[in-house]
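**Student:** For the protein sequence lines, the chains are A, B and C, in the order given. Residue 1047 in our numbering sits at position 80 of the first sequence, and the numbers go up by one each step. Residue 78 in our numbering sits at position 72 of the second sequence, and the numbers go up by one each step. Residue 990 in our numbering sits at position 123 of the third sequence, and the numbers go up by one each step.
Please note that the accuracy of each hint is not assured.
In silico DSBU-like cross-links for lysine-lysine, where the CA-CA straight-line distance does not exceed 35 angstroms [claimed, not checked]:
1. B:Lys21 <-> A:Lys1077
2. B:Lys235 <-> A:Lys1037
3. B:Lys21 <-> B:Lys113
4. B:Lys273 <-> B:Lys235
5. B:Lys241 <-> C:Lys975
6. A:Lys1001 <-> B:Lys273
7. A:Lys1001 <-> A:Lys1037
8. A:Lys1077 <-> B:Lys273
9. B:Lys241 <-> B:Lys273
By construction, these hints were calculated from the structure, which means they are not laboratory data. Since the model is a prediction, treat every value here as computed from it, not as a measurement.
If you want the building blocks of each chain, they are given just below.
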Amino acid sequence: MQDDASETIVLRAQHDITRVRRALTLLLTRASAKPTEMTKFVTAASELARNTVLHGGGGTATIELTRERKGFRISTIFEDAGPGIADVEAALRSGFTTGSGLGLGLGGAKRLCEVFELVSSAEAGTRVRISSRVGLK
Amino acid sequence: MPANSVKRLAQLLDKHFERILSDWIRAQADAGLLRPELMSESEIRRQSRAVLTELVRSLRQCESVRGMDLESEIWSDTRSLLQSATDQRVERGFTPTEMAMFILALKQPIFERLRDEYEDDPGLIANDAWESSWLLDQLGLYTSEVYLEERQEIIERQQREMIELSTPVVQLWDRILALPLIGTLDSVRAQMVMENLLQAIVEREAEFAIIDITGVPTVDTLVAQNLLKTAAATKLMGAICIISGIRPQIAQTIVHLGVDLPDVITKADLQSALAYALSATGVTFSPGARSRG
Amino acid sequence: MADPDLPRREIQIYRVHDCLLIAIQDDLDDGMVIALQDSLMQRIVSSGAHGVLIDISALEIVDTFTGRMLAGIARMASLLDADCVLVGMRPAVAITLVELGMRLEGVKTALNVDRGLELIRRSLRPVPVNAG
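Isolated chain A (complex conformation):
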């Protein structure tokens, strides 16, 4: 039975996005997450990790898995010291189409997770936390 786990991954280049996905997939598999739960969360994390690398100038992803009464809670915090998101409202509202170049995927990531917290400013950079319950029997 999977215990609580926590891990921090430095995000500098594209292959670090892969590391985040792998780490999450491994943890979620051990936590008996359903395929849909896993895909949704890891996809959201992938979007946010990519943002951190491409727009945030690099940063960290801190993953945490905690046991709850029934099932687990998976959360990940993405932090960078980048320029911040200029218009958070707009970024969250936008759906994403294949034509768009910007596509920060934030709105999508928000819809894919139970909890989505975002703090962003030009001075302090960006911090996003996502969290979902998984593996409910």
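Here the structure of chain A is known, so what remains is to put chains B and C in place on it, guided by the hints.
**Tutor:** Structure of chains B and C alone, referenced to chain A:
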């Protein structure tokens, strides 16, 4: 004698552990809480012993009355223990009152030991009796909360199982699946329905998936959204989704959502939907040798 | 930049009847995507293939980057007059793409390679022209 009431209580329980434990079990029996048909006496003894042990351990870590905050770290092991004990009893069929009374029955044995231990100091007895009573009330209430949560989860699980049974995916024809929905849809059920249908499409290599909502009286915006998401997901996978049996009211909801409709083909009823799918897959019927006059 | 610890994997391009077939595993980075696009487009021209099947049944995660990449390949292929079909999308992936708001407009999809081939063949059927 410790000056601190929590320390005194911890010391008391420790000193008279076995006596308090057996008195407690007898008190449970007297109150009719032992249900031998649900749980064996040895299990009850084991649980009682474990709870009392945990209680002593937690109390020893408490510095003061304020330390008796059940939410704090000190009590987390006790909470876990009570959780699993309660979960077990819910499954076995104990009532929430019986579970709470299990804890509260510990009061009298403690009071009796307090009386004996501090018989020269009635003020002290009153104080410590009050504090231990308060503490046990908190623990008893906690078990009630846990009981309710567990009950709720069991109900939800049973609902999910019922949903599985009541929304079977039917293969109407080669490459044509149908999902006749009956009854009210809530978002939980709608989510399950979507996942089941998509999985069935893959497994049975369907080209068409017909969701028939003739038997669904009302659809709220969440469910309408879910239906449209199902249609969109079906299309992404390479199949075609047809929704049949839409009532005027439901049509209004969908339009008010302002969502694109190209992903969705709609038909008045299941029969029309099937006819459409059949002709789209190139199936034709020819009259048999004996046609009805 | 690819992970220096991992050997660079190349995506194989197979021939199935008159179509090309590629299978995408997870973990594509920018460099691999460009390499794939290059070799695929060249192969389309050199083989005269009428269709390209992209098998994504091994993809557990399709985020907006991957989605854009797939749509891009489809567009490029169609400019070279080859029909592109995405096959084998997992249900969980489809559900997630819908939540992400990715419609993959203009990209054809099919359940598996067989259906994909059928689809390509159907669209290749000559359109009758009125004489006179």
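**Student:** Hint check: Lys21 (chain B) vs Lys113 (chain B), CA-CA at most 35 angstroms. Holds or violated?
**Tutor:** 16 angstroms, holds
**Student:** Could you grab the alpha-carbon distance between Lys1001 (chain A) and Lys1037 (chain A) and see if it respects the 35 angstroms cut-off?
**Tutor:** Judged against 35 angstroms, a Cα distance of about 14 angstroms means the pair holds.
**Student:** Within a Cα-Cα threshold of 35 angstroms, do Lys241 (chain B) and Lys273 (chain B) meet the stated pairing?
**Tutor:** Holds. Lys241 (chain B) to Lys273 (chain B) sits at ~17 angstroms (cutoff 35 angstroms).
**Student:** Is the hinted pair Lys1001 (chain A) and Lys273 (chain B) satisfied, with a Cα-Cα distance of at most 35 angstroms?
**Tutor:** 33 angstroms, holds
**Student:** Hey, Lys241 (chain B) versus Lys975 (chain C), does the alpha-carbon distance stay inside 35 angstroms?
**Tutor:** Holds. Lys241 (chain B) to Lys975 (chain C) sits at ~9 angstroms (cutoff 35 angstroms).
**Student:** Does Lys273 (chain B) pair with Lys235 (chain B) here, judged by a C-alpha cut-off of 35 angstroms?
**Tutor:** 18 angstroms, holds
**Student:** So if I understand the rule, the pair passes when the alpha-carbon distance is 35 angstroms or less; does Lys21 (chain B) with Lys1077 (chain A) pass?
**Tutor:** Violated, at roughly 56 angstroms.
**Student:** What's the verdict on Lys235 (chain B) and Lys1037 (chain A), does the C-alpha distance respect the 35 angstroms limit or exceed it?
**Tutor:** Since the Cα atoms of Lys235 (chain B) and Lys1037 (chain A) sit roughly 28 angstroms apart, the hinted pair holds (cutoff 35 angstroms).
**Student:** Measure nothing beyond the straight line between the CA atoms of Lys1077 (chain A) and Lys273 (chain B); if it is 35 angstroms or shorter, mark the hint as holding.
**Tutor:** Roughly 34 angstroms separates the two Cα atoms, so the pair holds.
Hint 1 from the earlier list is the only one contradicted by this structure; the remaining hints agree with it.
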